[in-house]
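K.L.:
So you can see what is in the structure, the chains are spelled out below.
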Amino acid sequence: NAGVMQNPRHLVRRRGQEARLRCSPMKGHSHVYWYRQLPEEGLKFMVYLQKENIIDESGMPKERFSAEFPKEGPSILRIQQVVRGDSAAYFCASSPPAANTGELFFGEGSRLTVL
Amino acid sequence: AQTVTQSQPEMSVQEAETVTLSCTYDTSESDYYLFWYKQPPSRQMILVIRQEAYKQQNATENRFSVNFQKAAKSFSLKISDSQLGDAAMYFCAYATLPMNRDDKIIFGKGTRLHILP
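Top line first, the protein sequences correspond to chains F and P. In terms of our numbering, the first sequence opens at residue 12 and continues consecutively. In terms of our numbering, the second sequence opens at residue -15 and continues consecutively.
Everything labelled a hint here was simulated from the structure, so no lab data went into it. Backbone N, C-alpha and C fix where the C-beta goes; we use that ideal spot for every residue, glycine too. Be aware that a few hints might be false.
Claimed, not checked - Sample of chain F residues at the chain P side, in silico, Cβ under 8 Å:
1. 53
2. 59
3. 102
Given the sequences, and given the hints that come with them, work out the whole structure.
P.N.:
In structure tokens form, the structure reads like this:
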């Protein structure tokens, strides 16, 4: 049973370009979370999605950032017109429906570098 | 709003010794989960140990144990017989119980643990 898969592992973009980060949750998991980790910082919650629904996006910047989790395919975190401050590691985590244990299963992260 | 605080950015311990990582949290809820996650240099986070707030008994997982003080809102992690493979970033985390549809896990800033050979 494959774990949470994120790609790309490393992404380099120039200022103003778009970044797309993908996350395939563990098999059977329908809840996906995106977290951002800045250097020497903890994980900051960004967004929580279930299939075709955004449940909580309170941690997402209001502009340039969007996330989706379609019925088919991976969850995508999209950052438009990237700026240097977007450079960070972006982690995806998943959990099964109604698990009620609180445990999240994390991917290895996608490191975005904005030049 | 719930918060999680880890006041030790870095710690070091001699191999085979015992180390305790501190965590405090703030919540008005009575039922919740607390977690310690480990992030090794390979960067994939893994769950180390979990504690349900309604359980008085401290959770243990092999060499890892917690000291859960609910009244003090303290949740420290003790690692016994430290091994080189324990070197990692450790995150304390909180989640409301039961996990409602709009709940999320709140993480502290982490403590980087160095193991000295």
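K.L.:
It remains to establish, for every hint, whether it holds in the given structure.
P.N.:
How the hints compare with the structure:
1. 53: Cβ of residue 53 of chain F sits 4 Å from chain P, so the hint holds.
2. 59: Because about 5 Å separates residue 59 of chain F from the closest Cβ in chain P, which is inside the 8 Å limit, the hint holds.
3. 102: holds, 7 Å
Checked against the numbered hints listed earlier, the structure breaks none of them; every hint is satisfied.
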